Amino acid sequence: GTPYTFGGDCTAPHSGIPARQCDCSSLLQQAYRAAGIAIPRTTREQVHAGTAVTDYRDLRPGDLLFIAGSRGSTARPGHVGMYLGQGLIVQAPHSGDVVKISRLDAWASQLAAVRRIVDS
Numbered sequence: 001g002t003p004y005t006f007g008g009d010c011t012a013p014h015s016g017i018p019a020r021q022c023d024c025s026s027l028l029q030q031a032y033r034a035a036g037i038a039i040p041r042t043t044r045e046q047v048h049a050g051t052a053v054t055d056y057r058d059l060r061p062g063d064l065l066f067i068a069g070s071r072g073s074t075a076r077p078g079h080v081g082m083y084l085g086q087g088l089i090v091q092a093p094h095s096g097d098v099v100k101i102s103r104l105d106a107w108a109s110q111l112a113a114v115r116r117i118v119d120s
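When we follow full-length UniProt numbering, the leftmost residue of the sequence shown carries the number 1, and every step to the right adds one.
If you are wondering where the hints come from, they were derived from the structure by calculation, not from laboratory data. The structure displayed is predicted, hence computed values, not measured ones. We put the CB at the ideal spot given by N, CA and C, even for glycine. There may be inaccurate statements among the hints.
Per label pair, the in silico range of CB-to-CB distance [claimed, not checked]:
id, residue 1, residue 2, range
1, 70, 36, 16 to 24 Å
2, 85, 40, 19 to 27 Å
3, 14, 54, 32 to 40 Å
4, 34, 87, 34 to 42 Å
5, 16, 102, 34 to 42 Å
6, 90, 20, 13 to 21 Å
7, 97, 33, 21 to 29 Å
8, 56, 100, 29 to 37 Å
9, 51, 17, 20 to 28 Å
10, 16, 58, 39 to 47 Å
11, 36, 68, 18 to 26 Å
12, 61, 17, 27 to 35 Å
13, 109, 33, 13 to 21 Å
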């Protein structure tokens, strides 16, 4: 899998160069960039992008899901993943791990915010 590196920009994730590998927010920035959409670089900036989704039952693929994580709090989330649909998210979890698909139910009780970047 694609290795996680805190602060990595995700521009060459398999290069072996840590600064080019992915962290949670750069993974999502690059995913949106591939779709021609610019979003901010960091989790703390991304939590203000797009529009708020207040009813978590209304999640749509592409929504950004924020939790406190190990580097933040509910008020200042430190981790972000993207909802894929069917109860799944993609995330770059932490150092020593790789980009992976996880179950939303593992995050549901921790959600601090949800932002919709593309309103269809």
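Run the structure past the numbered hints and jot down the numbers of the failing ones, going up.
-> Violated hints: 1, 4, 5, 8, 9, 11 and 13; rest satisfied.
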